[in-house]
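If you're matching them up, the sequences are chains A and B in order.
Just so it is clear: in the first sequence, position 153 is 153 by UniProt numbering, and no numbers are missing.
Just so it is clear: in the second sequence, position 113 is 113 by UniProt numbering, and no numbers are missing.
These aren't lab readings, by the way, just hints derived from the structure by calculation.
Among the clues, some could well be false.
You can't tell identical chains apart in this list, so a pair holds if it fits in one copy or across any two.
Think about it this way: if two alpha-carbon atoms lie no more than 20 angstroms apart in a straight line, the pair counts; the simulated PhoX-like pairs of lysine-lysine are [claimed, not checked]:
#	residue 1	residue 2
1	Lys80	Lys48
2	Lys484	Lys585
3	Lys180	Lys80
4	Lys77	Lys383
5	Lys80	Lys153
6	Lys501	Lys465
7	Lys48	Lys84
8	Lys84	Lys153
2 protein chains.
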Amino acid sequence: MADYRVPREDMQFVLQDVFQVDKDWAQFGELAELDIDTAVAIIDEGAKLAETLIAPNARAADEEGVSFDNGVVTTPKGYKENFKQLAEGGWVGVTANPEFGGMGLPKSVSAQYEEMLCAADISFSLYPGLTAGAIMTIDQHADESLKATYLEKMITGQWTGSMCLTEPHAGTDLGIIRSKAVPNDDGSFSISGTKIFITGGEHDLADNIIHLVLAKLPDAPAGSKGISLFLVPKFLVNVDGDIGERNGVHCGSIEHKMGIHASATCVLNFDGAKGWLVGQPHQGLPAMFTMMNYERLGVGIQGLGAAARSYQNALEYAQDRIQGRGAKATRELDKEADPLIVHGDVRRMLLTMKAFVEGGRAFSTYVGQQLDIAKYAQDPQQKARAEALVQLLTPVAKAFLTDTGFETTVIGQQVFGGHGFIREWGQEQLVRDARIAQIYEGTNGIQALDLLGRKVAGSRGELLKPLLEDIQALLAEPQAGLEKEYQQLAEATQLVGKVTKHVLERVTQDENIINSVAVEYLNLVGYVAFAYMWLRMAKVAQPLVDERPYLASKVKTAKFYMARILPRIHGLVGAIEDGSESLYKHEVGEF
Amino acid sequence: MADYRVPREDMQFVLQDVFQVDKDWAQFGELAELDIDTAVAIIDEGAKLAETLIAPNARAADEEGVSFDNGVVTTPKGYKENFKQLAEGGWVGVTANPEFGGMGLPKSVSAQYEEMLCAADISFSLYPGLTAGAIMTIDQHADESLKATYLEKMITGQWTGSMCLTEPHAGTDLGIIRSKAVPNDDGSFSISGTKIFITGGEHDLADNIIHLVLAKLPDAPAGSKGISLFLVPKFLVNVDGDIGERNGVHCGSIEHKMGIHASATCVLNFDGAKGWLVGQPHQGLPAMFTMMNYERLGVGIQGLGAAARSYQNALEYAQDRIQGRGAKATRELDKEADPLIVHGDVRRMLLTMKAFVEGGRAFSTYVGQQLDIAKYAQDPQQKARAEALVQLLTPVAKAFLTDTGFETTVIGQQVFGGHGFIREWGQEQLVRDARIAQIYEGTNGIQALDLLGRKVAGSRGELLKPLLEDIQALLAEPQAGLEKEYQQLAEATQLVGKVTKHVLERVTQDENIINSVAVEYLNLVGYVAFAYMWLRMAKVAQPLVDERPYLASKVKTAKFYMARILPRIHGLVGAIEDGSESLYKHEVGEF
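Make a model of the complete structure from these sequences and hints.
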């Protein structure tokens, strides 16, 4: 696999020129001391880790994979040392609370760090990634004593975290979990049950693993309103903060998977393990959901990272590999063939990848910016508006970044022809690793249901408004040379409004409609959001081209996206108009 | 993985009811004795092999893979015995010339056999599949002495075949191959060079391997007009037909790949190996292309087979797995949740799979029927018309069946949620195995170029006419209850005509246009061809529903396809209208 190079220039362009995140920071008390140069310097430190330590080890780690022997999980060569370096650099706590030693970086910046880590090695990224999710959950919902005991050690990466939700019979449907929590006399609980698909549930990278576990109390109401959240450490912690005796949680086996071979996906058996309640009884799901907005964007960024890496490799290959003759004007007659990049279809593939990668980077930064405003802004109206945008865009970020990410890695494999299918070049690993991101942390179908059902229909369309306003604000100031593209965005945005109205009108008569058109609806919103990203970038880039010639490509790629990718929405709109009509004609036995 | 069940009923419906292939046979001298009952009985014999021998071994074979040690390739456990049984049943020569012991079955029937073999195990299917391709090439182009020496032993499966085209620097672009053939005094040639990606180039299933090798004679003109075809056996054959001394061709290594782990993908080193010219000097490429129409349909069927298997598994899982609650009417309140199949989005996924699988089965049979008419018909006009359809539809069959096949396997994985990503259930293997079919035997981009450039533009649109006529013939007799769908097909077909005209008009001014829109164009033709398949099936099924209730699903799925899948063409048309415009704005260094 070719060396990975972090796209520092593009990250800075997006942060500083397009979204001007530093202007936000200046207004936020907690971030007032952060400036763009510092942020760029931090990104650069992370980039060195990703480029020189983590990426070079990814293919060997995939080949070796994790191994399991009698409850012990061993990670591939190099993982231990690399995790130690990452932890020592403070990267496990990159967004964590400074009160407990976290860096406290805004999400718009950490999104760049996450992208590079995922581009370098998704498997590796999951160990600190799940730990960061656990840190956030504990910080927001646990009592002071639990925070004091666990947070600092997790933020420094001495201990890691895991999230234990799924059970063999309960994945999407957490309401039917069977794990039980029985109160002990000392205020702790005794946790029993089997959890599956637990990422980083067991490994050899840290001295302790802090599991956050969903389970039911004896008096729990049925369904999803009766789920509580517990903190269950692998080793109990003594009063002095040192590690004590082994707790009753053990890894029964690990899964053999299509990809992310170096990530331990564990079956965990809780056998009267000692745990502590996090948050209120029966409020486990809402507690998990407060960190979901961060985590789901993070999973979206996994798709983006794999896509970005695949694009780099494909571009390099298409410039180096000579094969066939291009149109007359482009022929290099001193060679026996021309580079792949002269061919129209190869350009179509590369530009599709570029459009998804750079559009995705802008989109993840945009969502990150809204998360930051929602968290740090002092003006309640500004905060509420950002919260609404986050609500709306989180499922889009998770699903659309992973769907376009997967599509990008598949295209990146195609550019290599047969060489894309063999392991040596690394393109096939990116396909296998990216695939899981469409499935876990709520399948993309569930994300679509969340978007159209809970968010859009649930608010009678209100939650859509801030996004449409942002788009209108851009359209209100047209840009010379982009008139056609502005018109295309305006029409596409009208289509979103029209389709939304159509679905909302039918929702009372047709209880199946939401679930029947949700995926197409999410994709529609995704394509339009990316169109908005591309025109925002093009508008900012155009006047800067003389100064920074590489930005010429922004305007050109925006035109490509609008002409060649955005038209996909017409297929989606056609399908959405069918509603649930053609999905419910078949009896169950008639498929 | 669930047991594989050959969809016998649907195969017979397509052959007998929809395409009435037996009526063709009655008119063909060579096939006059074949009737539908015999064909069905033959299919049933093949089905038993696929269901009881080959499918049950596929997952273990994937885990074990092929191994390489010092030039020797060992296939997974069971492959040797299964290949022997297949060969003894006459299945290697299923379409081969009866003069040399072949079964001589028409392609419309063997397409069904190929589908089941690929559904059972693509890796395994490649050993007899490549052999069949080599048999056909030798039968059509080699002289009588070579035929007499090799064909019978290959048809009985005692010896297998391989096709040696690609070299490290030359994949798509065969004009630049470097392998050399120097004439010997005895009429044979001495072949030297390195070939890569040679499927079944070395293995332990047969006593000899007959390589068909592209190489250049000393006096060869440059480029693709200077390529000759040679037969190079692994072991030389004595005058008595027995195996003689080892020839100078050896396997240097095998590739480690994303999928088809049990298929040996070999580097072959030819070091002065003895070979014999097949066909005329410098006519190697045309000789290869006469069998390409068969082979490319065969690769398309690999995508179809994997898709069919994935659909079976996903349907079973969606009926068994309970998760979440459906709309009120469908709730099973005695259970803690409802089966997946009540959910609209799961139905969307299943019906998309079903539409691609059954539409693909009809399409591969339709193309097979045209291949049979082109081969066996006595009326020259009928023959010429079928040849034109074959020319047009071959690249569509290869690319569209593998693209929709891959999409189907990815959806089939999604239906399983996290369980689709782990190896145990087999859904992820189907994704990995199906992926290669989009790449080899001419990438799908190359197929698109063949369709739009060589076929459609090359004939100034003439080759498109027989397909449009077939569609018009269906539309001329509307069917009650399908009026809306007939209208949709009529409009989509008009769109094909309009877009074709548009491209043909621009082709003289814009030498990049073909390569810039070919992939979208192929997909457009594919979606419309599938729409035609679905309405042909629906029309035939509708009056038979009372008699055969399972056919009700045909009409319903046709409506689903027209409402939910066919609208994708509007996105494609939008992209095609852009021409090469947005692909050639970027300088090579500007991506």
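What hint numbers does the structure not satisfy?
-> Result: hints 3 and 4 break, sorted rising.
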